[in-house]
Amino acid sequence: MSTRRLLLRASDLIGRPVVTIDEGEDVAEVKDVVYGTADAAVLGFTLNRRGFLGGPMRQVLAWADVAAVGRHAVMIATAGAVTENDDLLHDVRASRRRNVLGSDVISDAGQRLGKVTDVVVMVEKRPEVVGYEITGGDLLTPRAGTRVFVPVPDTLAVSGEALMVPAAVGDFVTDDLDGLGAAVQRFRQHLRTTS
Amino acid sequence: MRQLSETVGTKVMSSASAQRVGTVQRALTDVPPRRIVALQVGRDELVDWEAIVGVGPDAVVIEDERRVRAAADAREERALAGELDWKGKRVLSDLGDELGTVTEVEFDEADGSLHAVDTTTGPVAAERLHALGSYCLVVRHSAGDGNLPQQ
Amino acid sequence: MEVAVAIVVILAVLVLVAVLVQRRRRAGGVISVETRPRARERRGTGRRT
Chain A
1 MSTRRLLLRA SDLIGRPVVT IDEGEDVAEV KDVVYGTADA AVLGFTLNRR
51 GFLGGPMRQV LAWADVAAVG RHAVMIATAG AVTENDDLLH DVRASRRRNV
101 LGSDVISDAG QRLGKVTDVV VMVEKRPEVV GYEITGGDLL TPRAGTRVFV
151 PVPDTLAVSG EALMVPAAVG DFVTDDLDGL GAAVQRFRQH LRTTS
Chain C
196 MRQLSETVGT KVMSSASAQR VGTVQRALTD VPPRRIVALQ VGRDELVDWE
246 AIVGVGPDAV VIEDERRVRA AADAREERAL AGELDWKGKR VLSDLGDELG
296 TVTEVEFDEA DGSLHAVDTT TGPVAAERLH ALGSYCLVVR HSAGDGNLPQ
346 Q
Chain G
347 MEVAVAIVVI LAVLVLVAVL VQRRRRAGGV ISVETRPRAR ERRGTGRRT
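Residue numbers (my numbering), protein chains in the order written: chain A, 1 to 195; chain C, 196 to 346; chain G, 347 to 395.
Careful, some of the hints might be misleading.
Stated by the list, open to error - Facing chain G, from chain A, some residues (calculated, C-beta under 8 Å): (1) Thr37; (2) Gly51; (3) Leu101.
Said to hold, decoys possible - Label pairs and their computed distance ranges (CB to CB): (4) C:Arg197 <-> A:Lys125: 49 to 55 Å; (5) C:Pro227 <-> A:Ala157: 46 to 52 Å; (6) A:Thr78 <-> C:Glu278: 16 to 22 Å.
FYI, nobody ran anything at the bench for these hints, they're computed from the structure. Just so you know, these numbers come straight off a predicted model, no measurement behind them. Beta carbons: idealized from backbone N, C-alpha and C, even for Gly.
Build out the structure end to end from the sequences listed, making use of the hints.
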């Protein structure tokens with residue numbers, strides 16, 4: 001795994017082919033991106049079969065079995081990486097209604113900041129969720145309906161219903177994807193110095 | 196060094212009988228060991244590289260027309276169906292980045308070893324070739340890949 | 347004549363429904379899983395079907 005850093009939208013990952021390095025075959029495509037709330041680390045992917053007629057697969061792809069996440073494909077060493085991984089399957093079943101896309105974003109001051117329209121994943125050594133694309137109300141931006149990126153705090157509360165963020169997050173909203181990486185670092189520093 | 200697209204279409208002659216046994220339709224390759232293992236010379240007909248005497252600009256010469264054979268395994272059948280053709284194949288690095296599509300394959304006519312692959316984003320040395328499948332050609336990433344525009 | 351039109355309409359509706367169902371089945375998302383650093387180790391009840 002290389003040490004390069006990639007910022008990707010989850011919606012770009014969804015539908016991306018899962019390709020074997022040893023045979024050059026597309027054995028599946030990404031359906032859901034699954035991540036844990038403890039450290040925002042990506043745990044793995046649920047899968048669809050390839051092609052329009054391909055429905056959801058029983059098997060999943062755990063992060064430990066991913067060789068690389070690139071700009072155009074998720075690479076695995078062999079087709080054996082796609083398995084019925086008990087841990088990940090259990091997590092997915094227990095979280096059926098916890099799709100973050102479309103959730104309300106509510107600050108701990110009780111204000112609704114907007115809706116989650118995408119999730120930003122940073123791929124470095126292992127991918128983690130670093131931010132949310134929010135289509136905000138006028139609390140976030142002067143013009144309602146504008147999309148902005150909100151960096152994720154190191155700890156956050158998220159359910160299928162809402163994403164809770166500290167009120168301080170408003171100071172770090174950035175309107176472009178590249179600025180998000182820097183904003184994440186600033187935000188983490190800020191949390192460390194104030195706690 | 197010879198280009199695969201120039202060899203495809205040349206006639207295949209038997210040195211034993213001086214008869215034409217067919218035309219080169221496509222090359223069957225193994226990646227690794229990154230070499231041509233056989234040529235398709237007819238609708239369902241193959242000639243192993245070992246039976247080839249010479250590859251020239253005007254003809255491919257084989258020992259004997261009795262060396263022409265049918266596909267022997269599933270991979271050969273897939274190759275004859277065109278699933279493992281090089282030209283136009285998507286090129287993917289082992290990091291998951293697309294590096295264009297294959298435009299040409301250069302090989303050494305002496306031993307059938309692949310020398311390089313030309314792609315729409317530049318040449319790829321044979322040492323970087325990792326696997327050829329129906330979906331893509333997997334190549335080892337190099338430092339230059341990162342300069343490609345992001346999609 | 348009317349029967350033929352009715353059959354075509356019914357077929358078109360069936361195809362549309364099939365396409366919509368398939369889109370729904372394939373639709374992806376981002377699933378958040380509640381993980382606590384030690385909770386993952388306590389589990390291990392084996393294969394569930």
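Report task. Mind checking the hinted window 46 to 52 Å against the Cβ distance between Pro227 of chain C and Ala157 of chain A? Result -> holds, 50 Å
Query raised in the report: Does the CB of Gly51 of chain A sit less than 8 Å away from some CB of chain G?
Result: Violated - the Cβ of Gly51 of chain A stays beyond 8 Å from chain G, reaching only about 10 Å at its closest.
Requested in this report: Return the status of the interface hint for Leu101 of chain A: holds when the least beta-carbon distance to chain G is below 8 Å, violated otherwise.
Outcome: It holds, given that the least Cβ distance between Leu101 of chain A and chain G is near 5 Å, below 8 Å.
**Report entry** Hinted contact Thr37 of chain A with chain G - closest CB pair below 8 Å
**Finding:** holds, 5 Å
Requested in this report: Just tell me: holds or violated, for the beta carbon distance of Thr78 of chain A and Glu278 of chain C against 16 to 22 Å?
Outcome: holds, 19 Å
Query raised in the report: Is 49 to 55 Å a correct range for the gap between the Cβ atoms of Arg197 of chain C and Lys125 of chain A?
Result: Once the Cβ atoms are compared, 43 Å apart, the range 49 to 55 Å for Lys125 of chain A and Arg197 of chain C is violated.
The structure shown violates the earlier hints numbered 2, 4.
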